[in-house]
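The chain contents come next:
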Amino acid sequence: MQAQLPFYPEQASNFAPSVDSLMTFLILVSVFFSAAITAAIVIFFFKFHRKSKDEIGVPIHGDMRLETAWIVVPAFLSLAMFGWGAVVYVDFRHAPQDTLDIYVIGKQWMWKIQQPNGRREINELHVPVGRDVKLVLASEDVIHDFYVPAFRVKMDVVPGHYNTMWFRPTKSGRYEFFCSQYCGTNHAVMGGWVTVMEPSDYAAWLSGSTGENDNPLVAGEKLFTEKACSTCHLGNGTGRAPSLNGVYGGTVRLADGSTVTADDAYIRESILFSNAKIVAGYQPLMPSFQGQLTEEQIMSLTAYIKSLQSQPVPATGAGVIAPGKK
Amino acid sequence: MSTTPPKPPGYQLPEEHYLNATYGIRSWLLTTDHKRIALLYLASVTFFFFVGGIFATMIRIHLLTPAGYLVTPETYNKLFTMHGVAMIFFFLIPSIPAVLGNFLIPLMIGAKDVAFPKLNLLSWYIYITGGCFVLYSFATGGLDTGWTFYTPLSSVYSNSAVTPAVIGIFINGFSSILTGLNFVVTIHSMRAPGMTWFRLPLFVWAQYATSIIFILGTPVIAITLLLVGLERMFHLGFFNPALGGDPILFQHLFWFYSHPAVYIMILPAMGVISEIIPTFTRKPIFGYAFIAGSSIAIAVIGFLVWAHHMFLTGESTYAALAFSLLSYLVAIPSAVKVFNWTSTLYKGSISYDTPMLYALGFIGLFLIGGLTGLFLACLGLDIHIHDTYFVVAHFHYIMVGGAVMGYVGGLHFWWPKITGKLYPEFLARLAAVILFIGFNLTFFPQFILGYLGMPRRYHNYPPEFQVLNVMSTAGASILALGYLLPMLYLTWSMRYGKVAGPNPWPATGLEWRTPSPPPTENFDVTPEVDWEPYDYKNRRDLGLATPVAPTLAPAHGDD
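Here the protein sequences come in this chain order: P and S.
Residues are numbered in the working numbering as their position in the first sequence, beginning at 1, plus a constant of 6.
Residues are numbered in the working numbering as their position in the second sequence, beginning at 1, plus a constant of 56.
Just so you know, the hints here were simulated from the structure itself, not pulled from any lab data.
Glycine is no exception: its CB is placed at the ideal position from the N, C-alpha and C atoms.
Incorrect hints may have been included.
As the list claims (entries may be wrong) - Quick list of simulated restraints, FRET-style, between CB atoms: (1) Ala86/P x Ala195/S: 48 to 54 Å; (2) Ala86/P x Cys188/S: 46 to 52 Å; (3) Phe52/P x Phe482/S: 45 to 51 Å; (4) Cys238/P x Leu282/S: 38 to 44 Å; (5) Thr30/P x Tyr67/S: 38 to 44 Å; (6) Phe172/S x Arg71/P: 41 to 47 Å; (7) Glu127/P x Pro518/S: 17 to 23 Å; (8) Ala195/S x Ser236/P: 53 to 59 Å; (9) Thr30/P x Leu175/S: 38 to 44 Å.
Said to hold, decoys possible - The calculated EDC-like cross-link candidates involving lysine to aspartate or glutamate, where the alpha carbons are at most 20 Å apart (straight line), are: (10) Lys283/P x Asp262/P; (11) Lys113/P x Asp302/S; (12) Lys118/P x Asp97/P; (13) Lys59/P x Asp591/S; (14) Lys59/P x Asp597/S; (15) Lys177/P x Glu146/P; (16) Lys59/P x Glu481/S; (17) Lys113/P x Asp60/P; (18) Lys113/P x Glu481/S; (19) Lys283/P x Glu481/S; (20) Lys593/S x Glu61/P; (21) Lys57/P x Glu481/S; (22) Lys593/S x Asp107/P.
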């Protein structure tokens, strides 16, 4: 089912062929039913048109076999559409391991994008062909949506939440992206271009301009001191707050006995709603940083905390019970 | 209306009827007659249709060129928002229930009026009050949130007149609730002797299903929009994440009503079609119980599919799977209706009268609207087509191709009953064909635009999308003509049309057993029903030929 119809846009990601195949299947089913019903209407309309002014129709009240057939057949076709669609969607919602993580911040009416090494872009996104790319999406204000038609992917960018989306570009080139969730006055101009490059070109491009200040690690480390995180979260585990060494990606035990995986969303929540999930053995002392950090600063802090993954986890005072894989 | 038109042989207007029983503006504004209230609604929803239609015209003219032709981005955003608010809340939702439902339900079940006539009048005043707030919002700064009012754009960031608009929609909600309540009680308690549930016209079944949604769904949208207003005015943190609120919560609450609201718009239209088809094929509808039951099934399952508008908000994968599956489930009763309507044509005595043209057009357009709904319910495909013009095309096929076609078709069908006059048949057929062509030319290109990746609510667009946009605008101008024609000739016919007589088609329903226009009390004597619905064979009073013997075994226990 690789039939490309004329109105299918260019295919440039791993999802494009699967979405297009699904589309072709649904079009075939729809065309079949539309044609069958239209044909029936047209034939009946002419064949059974009224022949005399006082003619009446043949009283047929129904037919149980037909009713059953047109409940059961559409039900099975629906199940097929549902199942196939679910497979594609579940794949899209679960990013593979080892992705190239790029941070994307939407704000009225621009996209701020930061590459893993800190290189920033505005309304431009550079990605290497053939590599699994994960976008971590955050919004500074209203709901936006990052949409790349040639990749057949989109995801809402919701303030107060992290959403992620992934894709694997399959073809070098320039592809337009759009904001597809209405976000106010300049919604229609909040777009840009994705540049898909050969991996070597991407590497060269990436190293082209990396200012120290642009590096989220550096910025995050600076913030970690400035905002006094470092006074409690001591690396050796002797502070009033758990050590963050090895926390990212690992499992954390909470005061209520449950455990949680320390992903981007957990770290973000712990910074903004510091009392939402208290690590077992610690007091809820940390102030909330809601309203005091921009999304970008939170992302820098997260990048810094992520870098602590490789630091030695102390024997006592560790925030993590099972460090994640690097 | 009481002028003397040219009289066809045998028919003249009854001496006294509901239109000339009393005179003066007071007799209209204080009326408790369901038929007059229906006409009050007819005038007011037509007004809002005009308002929404003018906005739509400006939208289509603006989109003629990629850079935008007519207005600034701010104005464009206001145009599509106000188009949606006027059309959905003040035209589509009240159109068939409050106009045709009000006029017909008591007549169809053999009652003198609805159960609570004063409440019925109050509903109209509430509607007008809500409408005034919304018009005030349009006039003082407009509204630029989208008709969906997504937070925190609507509750924090928008600089337009959001507060009066949400107050207006909040107030208007009570009108829907009271109308729904009135219909449910009327249908339960005021049916004439012999009018059992399975002798009810299918239009009444559809109105019953719609009323359930009115009563159960409307309070949710009302309170949700009130919360938006409170967050705007008093900075209470319901939806604004900066205040600890959750913007996604708004979408759950909004769609919990607004998805069932789609069925509020389409179910009554399906009811109209289920009346027209048996009348113009002169035979019982195929699978009465299945059509009636599917209305109820749609109303019930329709409450369980709302989060299919939210597959890409980051909602849980499991929720998405459940809502996708349930959305496919709700498609089945709709499919059942289409199959039954089509089968009714088989061995009918089919006429080409205007209402029938609308009914057949409805089936075609609803078919496309419904099938493309399957595309959007499909999780994998929705990733690409969500929030594109594909969605815009899909819901216009349902709401305009379905609901409005049903409404206009129903107006034609019952126009002789409402006014006592016939409309000019040739012009009416012409308008139906123009509407069908104009509609398809306007909205079909938008499916393609959507798959190509044009997001909705864009005041400008990449140049490669221009051809399809120009086609769409060209179609819209044909569509506009298609709407203007009926407005003109229907108005004309009120004065100059031929006198219709009590049952011009003829049709089998009780409403056709009383003069046109009916007397204020509807029936001189309470009618007794001893016939099955849409039964032409045993209705010698209709003056039609007795049929040939049926060739297909009738009824496998489902009539």
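These are the hints, each one checked on the structure:
With their beta carbons about 51 Å apart, alanine 86/P and alanine 195/S fall inside the hinted range of 48 to 54 Å. A hinted range of 46 to 52 Å for the beta carbons of alanine 86/P and cysteine 188/S is consistent with their spacing of about 50 Å. For phenylalanine 52/P paired with phenylalanine 482/S, a C-beta distance near 20 Å fails the hint of 45 to 51 Å. In this structure the hint that cysteine 238/P and leucine 282/S lie 38 to 44 Å apart at CB holds, the actual value being about 43 Å.
Between threonine 30/P and tyrosine 67/S the CB atoms are about 57 Å apart, so this pair departs from the stated range of 38 to 44 Å. A beta carbon spacing of about 44 Å between phenylalanine 172/S and arginine 71/P agrees with the range 41 to 47 Å that was offered as a hint. As the Cβ distance of glutamate 127/P to proline 518/S is approximately 20 Å, the hint placing it in 17 to 23 Å holds. At about 57 Å, the CB distance of alanine 195/S to serine 236/P agrees with the hint of 53 to 59 Å.
Distance hint check: the CB atoms of threonine 30/P and leucine 175/S are about 53 Å apart, inconsistent with the given range 38 to 44 Å. For the suggested pair lysine 283/P and aspartate 262/P, the alpha carbons sit about 9 Å apart, so the restraint of at most 20 Å is met. Of the pairs offered as hints, the one joining lysine 113/P and aspartate 302/S holds, with about 18 Å between alpha carbons and a cut-off of 20 Å not exceeded. A threshold of 20 Å between alpha carbons decides the hint, and for lysine 118/P with aspartate 97/P the separation of about 26 Å lies outside it, so the pair is violated.
Pair hint lysine 59/P plus aspartate 591/S holds up; C-alpha atoms about 18 Å apart against a cutoff of 20 Å. Of the supplied pair hints, the one linking lysine 59/P and aspartate 597/S holds, its CA atoms being roughly 15 Å apart against a limit of 20 Å. A distance of roughly 31 Å separates the Cα atoms of lysine 177/P and glutamate 146/P; the hinted pair therefore is violated under the 20 Å criterion. Distance check on the hinted pair: lysine 59/P and glutamate 481/S sit about 16 Å apart at the alpha-carbon level, within 20 Å; holds.
With a CA separation close to 69 Å, the supplied pair lysine 113/P and aspartate 60/P exceeds the 20 Å bound. For a cut-off of 20 Å, the pair hint linking lysine 113/P to glutamate 481/S is broken: about 56 Å separates their Cα positions. Annotation: proposed proximity of lysine 283/P to glutamate 481/S is violated, straight-line Cα distance about 72 Å (limit 20 Å). Between lysine 593/S and glutamate 61/P the alpha-carbon distance is near 11 Å, which keeps this suggested pair within the 20 Å criterion.
With a CA separation close to 19 Å, the supplied pair lysine 57/P and glutamate 481/S stays within the 20 Å bound. The hinted pair formed by lysine 593/S and aspartate 107/P fails the criterion: a straight-line CA distance of about 73 Å is larger than 20 Å.
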